[in-house]
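Reassemble the complex: the two chains are provided individually, in unrelated frames, and hints are given to aid placement.
Listed here are the chains, written in short residue letters.
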Amino acid sequence: MDTVIEPTAGQNERRPVKVTVTVNNQPVILPSRELTGLEIKQAAIAQGVPIDTGFQLSVKRGNGRYEVVDDDEQIRVHPNQEFLAVPPDDNS
Amino acid sequence: MNTLASAITEAVEAVRAQFTGHPVEVVPDGTGGVFVTVEDVPVGPSYAPAVTWLGFQISAAYPDADVYPHYVGPLSRTDGQSHGPAVQSTGWRGQPALQISRRSNRRDAIVDSAALKAERIRLWLADQ
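Protein chains in written order, with the working numbering: chain A, 1 to 92; chain B, 1001 to 1128.
Excised from the complex, chain B in its bound form (with noise of 0.2 Å):
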């Protein structure tokens, strides 16, 4: 399927938006959605490294499907403690990385979009 969806579409422009001057990845998923990659985010002075990429996958279903969940590149706290609840280490396609369990549960689609809950993600693993 070559074509996506104008939502999807939309979605990866906002996140180009929210990102800007960050190089971002966008690969067909193969059923209609995109995985989405972002380079060089700041995840702040808590981790080693304190930038990193964010992956996440706009399914065919969004908007009315949540963004869940996010990756991001293996990150060290640099307190020595270990990471908290909602992030576990896993692989994000064919690469190592930390997934960031964060649903959206009272999701509004008409409100929420893939860029703000990216950016939202991002927040929150920074303020951890």
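Isolated chain A (complex conformation) (with noise of 0.2 Å):
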């Protein structure tokens, strides 16, 4: 016999979570509320967005101000926020 056991409200926070954001005006699926820099650009590599891991991460607050996302900088993550990624600049 089956028994179905109902989640607590701590099992329930644990549970897996997927975030639609956008990366480049493209819409990245995230497999976490809280992820690092370079976790959000391989994610939206996988999904199309054609950007290299080198490139510089940033995302948009609520006042419009952007903010760089360091590659090992865990950040929280909440749906439709904009990223956008753009190649280094070069010394010249």
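One thing to keep in mind: the hints can contain errors.
Stretch by stretch, here's where chain A covers chain B in the computed footprint (C-beta under 8 Å, at least three residues) [claimed, not checked]:
#, region
1, 1006-1018
2, 1050-1058
3, 1111-1119
From the structure, some residues in chain A lie toward chain B, with a derived Cβ separation under 8 Å [unchecked claim]:
#, residue
4, K18
5, N24
6, Q42
7, A43
8, Q56
9, G62
10, Y66
11, V86
12, D89
Worth flagging that the hints you see were computed from the coordinates, not collected in a lab.
Computed from a prediction, not measured in an experiment: that's the story for all the values here.
Heads up, the beta-carbon is just placed ideally off N, CA and C, and yes, glycines get one too.
Take a look at the structure:
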């Protein structure tokens, strides 16, 4: 006999979630609410956004201000959040 | 010419949003673009002073043209070292300045903006 076990509140909080954001105006589904800058770029690349992991990632905050997200920096994402990834600049 | 292209007007508004709380001076360059100077920009503890102005021109060709170069007020390194590559002493609109020469050679005009570039320049300088 199968037994249905109702998840506790704590288990619900740990359940994997998917969050859809945009990276360079293209939708990207992220596998978690907490990711590093590198993980966000890797997810975008896997879903066809034409960037590479060497690009510089920025997140758009509510006031319209962009903040750079370093590769090893972990941030909390929310649905429809906007990211931009641009090639690094060169000394000239 | 009194009317700025909408792309430049939008770029200026984005710069104001990027640097909310900072005075932003915008002066027409006479050819359809603008000179922008953002005041009180933090450049980090590697420099004295640690806060200065950031200037750049958004040309009439924007958004197809890169925003390059950028300028900041005269800065000294707090470690006593000289400035490294891409930084040289010059002038900006009649005042002493450091020129920050960082080109966006693979720039995507749809994604990149004057505001984002200004923030990248600020961060790059602070990390030197």
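Hint by hint, work out which the structure violates, then give me just those numbers in ascending order.
Hints 2, 4, 6, 7 and 9 are the ones this structure does not satisfy, whereas the remaining hints hold.
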